[in-house]
Amino acid sequence: MAELVLYHLPGACSRVTMTALEQVGTDYADRAVNLMRGEQRTPEYLSVNPRGKIPALLVDGRLLTENAAIVWWLHTEHPQAGLLPAADAWERAQQRSDLFWVSSVWHPSVRANMMPIRWTTGDPAPVRERGKQLIAPLLARLETRLAAQPWWYRDGWSIIDTYLYWCYTTAEEGEYDLSGLDHIADHRRRVAEHPAFIRAIAREDAARRKMS
Amino acid sequence: MAPELMLYHAHTACSRVTLTALEQCGYGYTDRLLILQKGEHKAPAFLSINSGGKVPTLLVDGRPLVENGAILMWLAETFPEAGLFPPSTSAWDRARYMSDLLWVSSGWHPYVRANKVPSMWTTGDVEPVRERGRELLAGVVQQLEDHLADRPWWYGEDWSIIDTYLWWAYTNAEIGGFSIAAFPRVQAHRQRHEALPQLQRALAREAAAVAKRDKENA
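Chains as they are written, first to last, in the working numbering: chain A, 28 to 239; chain B, 26 to 243.
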């Protein structure tokens, strides 16, 4: 049994990784990295992950970074956990495409809206406004898809649903108004009721109490 | 059954990496260059293929696959003898390759964009976004410089498609005015990389596609 350690921050996209770990049902330790205090740039953390980012997963001391890669690895190790639906080679390529899409398109756009100072040395307001422009068509695509089916994939919940949930709820924290997107509102309720997600939130809450 | 491959790409876009991968695979493909300045990637004809309106898009027997990293992984699976990544037998190795692809696609690429096309990230003054783009680039270019201390290529002794993706990122950073002069190992990596036949074939193919579109539009 591999020893797993997840480096995370409550509320960050590591919430998706944590949900994946909960869904797999394996034991793991979690260590919060307080980005507000710059802990990702301390020598201690850089010795774990030289890129200074979270999430990071140690597997028997070996490092794996990038949310989507960690999720994919967990899925390949635990296919029965249902992180993603069973698939042939072409469908697996499409699943990876979806993971790349959320991490490379949604996430930087959400960041522009939620944390505009990440993208500018100047006034954050026009960056936030641009972030909202970038998010709008992504949400429109999601709303259309969810009009036809309750989850991102027809077969049922997958970790992509949690990843998308993290994106649009984080956009909302950046004051993006989600009202009028009724199918996303329904999706949000369904994702929030998923047992692995509920466990991940509880685990985040415990980590948050230890941080303060 | 041999699949029929067709790549949608654009001049200097990150589809240059996909073209290089296809050239390395040595398997026949057709290509169509989209002129982004004319908004061809947002035209209904292309949106019906890729609703995200992005290049690269690879059609495999007419079915679209999008996102550069996902296309590269599919090519590596389909043409394992091409050596797009070091030989791997474990899911762990493949997850690490995916991690590196994600690092470039979700880190380097948006930073390159902030520096080269800062209007992508703001509705206002572009200069502070460009400046921030350069700060972010300096961080990752330094990480690459450090990584190349004991090796010519990203994974060691042999080229992989990650080297091409990184090459695309830092040369596009340079097009945006970010100087790599202070990074001697990155410069040496660039020289090695630009001597590769698969890159030269990809650039020739891209240039031919540009010339063809110029002629069509003349």
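Rather than coming from a laboratory, the hints here were simulated on the basis of the structure. One or more of the hints may lead you astray.
[Unchecked claim] List time: in silico DMTMM-like cross-link candidates among lysine to aspartate or glutamate, alpha-carbon distance up to 25 Å:
1) A:LYS80 - B:ASP175
2) A:LYS159 - B:GLU152
3) B:LYS67 - A:ASP115
4) A:LYS80 - B:GLU65
5) A:LYS159 - B:ASP150
6) A:LYS80 - B:ASP171
7) B:LYS67 - A:GLU156
8) A:LYS159 - B:GLU170
9) B:LYS141 - B:ASP118
10) B:LYS141 - A:GLU156
11) A:LYS80 - B:ASP150
12) A:LYS80 - B:GLU170
13) A:LYS80 - B:GLU160
14) A:LYS159 - B:GLU65
15) B:LYS63 - B:ASP175
16) B:LYS141 - A:ASP150
17) A:LYS159 - B:GLU160
Just so it is clear, the structure is predicted and the values come from calculations on it, not from any experiment.
Outcome of the hint check:
In summary, the hint linking A:LYS80 to B:ASP175 is supported, as the alpha carbons are separated by about 24 Å, within the 25 Å threshold. Distance hint between A:LYS159 and B:GLU152 is fulfilled; the C-alpha atoms sit about 20 Å from each other, no more than 25 Å. Taking the CA atoms of B:LYS67 and A:ASP115, the gap is near 31 Å; set against the 25 Å cutoff, the hint is violated. A C-alpha spacing of about 36 Å is found between A:LYS80 and B:GLU65, which places the hinted pair above 25 Å, so the restraint is violated.
Between A:LYS159 and B:ASP150 the alpha-carbon distance is near 17 Å, which keeps this suggested pair within the 25 Å criterion. Among the hinted pairs, A:LYS80 with B:ASP171 is consistent with the structure: their alpha-carbon atoms are about 17 Å apart, no more than 25 Å. A distance of roughly 21 Å separates the Cα atoms of B:LYS67 and A:GLU156; the hinted pair therefore holds under the 25 Å criterion. Between the alpha carbons of A:LYS159 and B:GLU170 the distance comes to roughly 35 Å, so the proposed pair goes past 25 Å and is violated.
Restraint check: the Cα-Cα separation between B:LYS141 and B:ASP118 comes to about 33 Å, which exceeds 25 Å; the hinted pair is violated. In summary, the hint linking B:LYS141 to A:GLU156 is supported, as the alpha carbons are separated by about 20 Å, within the 25 Å threshold. Taken as a hint, the A:LYS80 and B:ASP150 pair is broken in the structure, with Cα atoms around 28 Å apart against an allowance of 25 Å. Between A:LYS80 and B:GLU170 the CA atoms are separated by roughly 18 Å; this keeps the pair inside 25 Å, and the hint holds.
Distance restraint check for A:LYS80 and B:GLU160: the Cα-Cα separation of roughly 16 Å lies within the 25 Å cut-off, and the hinted pair is therefore satisfied. Between A:LYS159 and B:GLU65 the alpha-carbon distance is near 23 Å, which keeps this suggested pair within the 25 Å criterion. Pair hint B:LYS63 plus B:ASP175 does not hold up; C-alpha atoms about 44 Å apart against a cutoff of 25 Å. For the suggested pair B:LYS141 and A:ASP150, the alpha carbons sit about 19 Å apart, so the restraint of at most 25 Å is met.
Note on A:LYS159 and B:GLU160: the hinted pairing holds, with a Cα-Cα distance of about 23 Å set against a maximum of 25 Å.
The structure fails to meet hints 3, 4, 8, 9, 11, 15 from the earlier list, while all remaining hints are met.
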